[in-house]
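K.L.:
Put together the whole structure using the sequences plus the hints.
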Amino acid sequence: MNSRKPVFRHPGLPKNDLGCTRSDYEGLDSTLCAGCGHDSVTNGIIQACFELSIEPHRVAKLSGIGCSSKTPAYFLNKSHGFNSVHGRMPSIATGANMANKDLSYIGVSGDGDTASIGIGQFVHLVRRNLNMVYIVMNNGCYGLTKGQDSATADKGSASKKGRSNPFEAIDLCEMAVQLGAGFVARGFSGDKEQLVPLLKAAMLHKGFALVDVISPCVTFNNTASSTKSYNWVRDHMEASGTFDVIPERQEITTHYEEGATQSVALHDGSVIQLHKSDNSFDVTQRRSAINAIEDHREKGQILTGILHINETLMDTHDIIETTDKPLNTLTQEELCPGNQTLQQIFETYR
Amino acid sequence: MKKLTSVNDFVIRFANVNGSGSASANNLFAKVVFRLGVPVSPKNIFPSNIQGLPTWYEVRVSEQGYLGRRGGYDFIVAINGQTLEKDYDDLLPGGYFLYDSTRTLSEHFNRNDITLIGIPLTDICNREIENPKLRPMLKNILYVGAIAFLLDMDFSVLTDSITKQFSKKPKLAAPNIRCLELGFDYASTHFKDVCNLSVKRSNKLDSHILMDGNSATALGAVYSGATVVGWYPITPSTSVIEAFDKFTRQYRLDESGKRKSAIIQSEDELSALGIALGASWNGARSFTATSGPGVSLMSELLGLAYFAEIPVVLVNVQRAGPSTGMPTRTQQSDILACAYASHGDTKHVLLFPCSPTECFEMSADSFDLAETLQTPVILMSDLDLGMNDHVCLPMEWDDDRQYRRGKVLDREQLDNLTQDWGRYLDIDGDGICYRTYPGTHPSKGAFFTRGSSHDPYAGYTEDNDTYKRCMQRLLKKWQTAKGLVPGPHIKTHDKTSTIGLIFYGTSAQATYEAVEMLDKKGLALDTMRLRGFPFQNEVSDFIDQHEKIFVIEQNRDGQMRTLLMNELNFVPDKLTSITHIDGTPIDARYICQSIEALLEKTLPHKGGAA
Numbered sequence: 001m002n003s004r005k006p007v008f009r010h011p012g013l014p015k016n017d018l019g020c021t022r023s024d025y026e027g028l029d030s031t032l033c034a035g036c037g038h039d040s041v042t043n044g045i046i047q048a049c050f051e052l053s054i055e056p057h058r059v060a061k062l063s064g065i066g067c068s069s070k071t072p073a074y075f076l077n078k079s080h081g082f083n084s085v086h087g088r089m090p091s092i093a094t095g096a097n098m099a100n101k102d103l104s105y106i107g108v109s110g111d112g113d114t115a116s117i118g119i120g121q122f123v124h125l126v127r128r129n130l131n132m133v134y135i136v137m138n139n140g141c142y143g144l145t146k147g148q149d150s151a152t153a154d155k156g157s158a159s160k161k162g163r164s165n166p167f168e169a170i171d172l173c174e175m176a177v178q179l180g181a182g183f184v185a186r187g188f189s190g191d192k193e194q195l196v197p198l199l200k201a202a203m204l205h206k207g208f209a210l211v212d213v214i215s216p217c218v219t220f221n222n223t224a225s226s227t228k229s230y231n232w233v234r235d236h237m238e239a240s241g242t243f244d245v246i247p248e249r250q251e252i253t254t255h256y257e258e259g260a261t262q263s264v265a266l267h268d269g270s271v272i273q274l275h276k277s278d279n280s281f282d283v284t285q286r287r288s289a290i291n292a293i294e295d296h297r298e299k300g301q302i303l304t305g306i307l308h309i310n311e312t313l314m315d316t317h318d319i320i321e322t323t324d325k326p327l328n329t330l331t332q333e334e335l336c337p338g339n340q341t342l343q344q345i346f347e348t349y350r
Numbered sequence: 001m002k003k004l005t006s007v008n009d010f011v012i013r014f015a016n017v018n019g020s021g022s023a024s025a026n027n028l029f030a031k032v033v034f035r036l037g038v039p040v041s042p043k044n045i046f047p048s049n050i051q052g053l054p055t056w057y058e059v060r061v062s063e064q065g066y067l068g069r070r071g072g073y074d075f076i077v078a079i080n081g082q083t084l085e086k087d088y089d090d091l092l093p094g095g096y097f098l099y100d101s102t103r104t105l106s107e108h109f110n111r112n113d114i115t116l117i118g119i120p121l122t123d124i125c126n127r128e129i130e131n132p133k134l135r136p137m138l139k140n141i142l143y144v145g146a147i148a149f150l151l152d153m154d155f156s157v158l159t160d161s162i163t164k165q166f167s168k169k170p171k172l173a174a175p176n177i178r179c180l181e182l183g184f185d186y187a188s189t190h191f192k193d194v195c196n197l198s199v200k201r202s203n204k205l206d207s208h209i210l211m212d213g214n215s216a217t218a219l220g221a222v223y224s225g226a227t228v229v230g231w232y233p234i235t236p237s238t239s240v241i242e243a244f245d246k247f248t249r250q251y252r253l254d255e256s257g258k259r260k261s262a263i264i265q266s267e268d269e270l271s272a273l274g275i276a277l278g279a280s281w282n283g284a285r286s287f288t289a290t291s292g293p294g295v296s297l298m299s300e301l302l303g304l305a306y307f308a309e310i311p312v313v314l315v316n317v318q319r320a321g322p323s324t325g326m327p328t329r330t331q332q333s334d335i336l337a338c339a340y341a342s343h344g345d346t347k348h349v350l351l352f353p354c355s356p357t358e359c360f361e362m363s364a365d366s367f368d369l370a371e372t373l374q375t376p377v378i379l380m381s382d383l384d385l386g387m388n389d390h391v392c393l394p395m396e397w398d399d400d401r402q403y404r405r406g407k408v409l410d411r412e413q414l415d416n417l418t419q420d421w422g423r424y425l426d427i428d429g430d431g432i433c434y435r436t437y438p439g440t441h442p443s444k445g446a447f448f449t450r451g452s453s454h455d456p457y458a459g460y461t462e463d464n465d466t467y468k469r470c471m472q473r474l475l476k477k478w479q480t481a482k483g484l485v486p487g488p489h490i491k492t493h494d495k496t497s498t499i500g501l502i503f504y505g506t507s508a509q510a511t512y513e514a515v516e517m518l519d520k521k522g523l524a525l526d527t528m529r530l531r532g533f534p535f536q537n538e539v540s541d542f543i544d545q546h547e548k549i550f551v552i553e554q555n556r557d558g559q560m561r562t563l564l565m566n567e568l569n570f571v572p573d574k575l576t577s578i579t580h581i582d583g584t585p586i587d588a589r590y591i592c593q594s595i596e597a598l599l600e601k602t603l604p605h606k607g608g609a610a
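The listed protein sequences correspond, in order, to chains A and B. Residue numbers for the first sequence follow the numbering used here, so the first one is 1 and each next one is one higher. Residue numbers for the second sequence follow the numbering used here, so the first one is 1 and each next one is one higher.
To be clear, the hints were calculated from the coordinates, so they are not data collected in a lab. Remember, it's a predicted structure, so these values are computed and weren't measured experimentally. From the three backbone atoms N, C-alpha and C, an ideal C-beta is built for every residue, glycine too. Do not rely on the hints blindly, as some may be mistaken.
Restraint-style ranges between C-beta atoms, simulated for each label pair [unchecked claim]: (1) 81(B) <-> 333(A): 55 to 63 Å; (2) 163(A) <-> 256(B): 53 to 61 Å; (3) 164(A) <-> 427(B): 32 to 40 Å.
Partial list, derived from the structure: chain A residues whose beta carbon lies under 8 Å from chain B [what the hints assert, rightly or not]: (4) 81; (5) 117; (6) 346.
P.N.:
As structure tokens, this is what we get:
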């Protein structure tokens, strides 16, 4: 498939620290439905990578199967991509990360891909605390197979098919907090102001970062009876607060009232400053995060923003004590013990 | 009664309860025979259970060097009450039956064609060993001591072996040696000149080693530079990964003690292969090891690897299926499941090692092969090869050997490209295209890997012709593979022989022995041991050159026969199956008898009207 986008770029386009323009982070044209929430998330990813001056070719983008999993083709054209099979992106990402710890990994998945067929892999990916950003484009339905309910569809919510979903919903954020994820956030594809900083914070976090983005399916699940529709989410979302992502080099200039602000230092020296709407909510505490999510759920609200952050965790490489050099750069001399050693090994088999 | 009489040529079977430490005692016996320079072949026939079920350990001692299973038992050590009667019945006439005489045998143990050797093992243990916890384990050492006397073995090799075994815990050596002596003394007092079987020091094994196939496979992976492993525990493949872990902890640490390998125990086999694939896609050599049930789960990702052309090594240590089957028994029953694993048109490269030596070599080669061909390579081991110890020659690693990483473009090559590059563009005409690793170049060489239909530039396509061309190119690659996978080992015994035997993997040793047995009876047979799939022309030539072909294998349906017929277009009549499916390793006497029976059946037709 060839991009129809014009190659010409205006010379006056803003450039980031790498001298790249936003268009350097774009991908092919989307083939999703007009108005699909996923395209907004794609744009958010492009914007976040651009603003953070990430080298596009040092990113690997991975996905499973579904509408959401198509989107890696629509951003970061200079990155290697891997559109794997349904629900298996977490294992592919784990292997890729083990091979080269120096790249950034962005995984894109959907609610079917993550909460149903791939829930086993998702759960264990979180447990391993793999250093990656895992974005769920969550629309509560199976788009590519024409609108069946997914496991994140709320009980009682009805899609275009008209029958309300009789089963309990899986809350991926709550589950991730319980499983020990170090960064958990929820966004809304219709709220770019919140989504881009969320993605940036997730990218700066070392370890597993989940960004669950409610991303309405305009074709099958945008009805008045659906809790994953644009209108419903807009009316019921409640932000945990606003926040600033302050990169390492930047001086902290803004000042907020004492007590309502919580600062979290990230691994690379950047700082996240949270300005909370509710003072009793401590995002660094698992229990507090789960309580906040549950409290909002009971009130029929959707809690968005950064829900949990813990910068003290070790990632998979730290846990299994791999060497500092990426494994895929080790030479034969560094890997092969040689014949003399082999013969010594055989002495123990005599 | 004629007692079985021989020096260095017999089969002894130990019948125990599992979880009682018997395997290590029985292994001690086998090791001592090995250290006396006598070819030996131990087979652990154990249950899928941790404690309390019957387990057997067979040791074949063969001065002539026959290392396959022979069939029949000359000496049985019956320690398990649950199987006492069956063990008693299984003994060959003239054989020896050693049992724990603390309990007397009931009346119906009334064979008069065997020699009974009753030793009150439990009594002696209760009397001599103070710590009751140690008694069950030391009871096993006690009978090893008794056997040492009965078989006239050099006792010092036994005590030396114990000392070596407990070199790090010398306190434990003393009670073990004492029990050896107790057993030895009891037998010498009560059973002098009773046993006509013996083990005499020989010089047949000067430089040999005694090694299990799984350790050899793991070593091959270490030597060929595998760094990433995804795996899920499953018998009988678990020890491949455990050995890889052990060797890399010893020989693959950096200066600060950090590991130059990443081993991830995953949540299931889907994930295990996914991890290996992700790593390989990203430029690290990686593998996974599993058995039949794991292969079923991995089929999904094997299809992805085939279609997206991602190299990966899969070690399949086969066990008895279908389904859970007999998890601790051996079989060669995943041939078709692996050759054509996954939906759609798929074919996979298979390798068939027959010894630890080949486990090492083929394991090391499989990484070169997978990366050269950019496709999965499946190493088809089995439980017998993987988990049992085998006498073999130590392998050599050529220090001048260079890893063959296949067609991968680095940054400089991408910069210097003078022609069009597409991930799936076949420039060389061998069906193998050039790949790039993520992160190589700021603006060149990025592509989108997918399991969906793709054009030469890795773009999504539903264009009929483009799809078709991609599938045809994969067939061209398959042709290229024929020149790279190891060819068969053919032994033309006699130019006039019209009968050929085909076999592979662990059927080799027993088949070669059967061929010698039949040769002595005047039947000359040619043999072809298959070592890889796809099959080369030599394979079809061998079949063409013989009137009758027997395909010997350890599964019910003659899976290799099916594969040969399907891939080489032979008519079913040409190939006759000899199958061994009970979950124990195939034995020479069985093969011999099967061939004789089949020939008798077919002989009357010879020369008759067509």
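K.L.:
Now, for every hint given, state plainly whether the structure supports it.
P.N.:
So, going through the hints one by one against the coordinates:
1. Between residue 81(B) and residue 333(A) the beta carbon distance is about 58 Å. The supplied range of 55 to 63 Å therefore holds.
2. Checking the proposed 53 to 61 Å range against residue 163(A) and residue 256(B) shows it holds: the Cβ atoms sit about 60 Å from each other.
3. Between residue 164(A) and residue 427(B) the beta carbon distance is about 57 Å. The supplied range of 32 to 40 Å is therefore violated.
4. Annotation: residue 81(A) was flagged as interfacial toward chain B, and the flag holds, the nearest CB pair being 4 Å apart, inside 8 Å.
5. Interface hint status for residue 117(A): violated, as the beta-carbon distance to the closest one in chain B is roughly 10 Å, over 8 Å.
6. Among the interface hints, the one on residue 346(A) holds; its C-beta lies about 4 Å from the nearest C-beta in chain B, closer than the 8 Å criterion.
The structure does not agree with the numbered hints 3, 5 stated previously, though it agrees with the rest.
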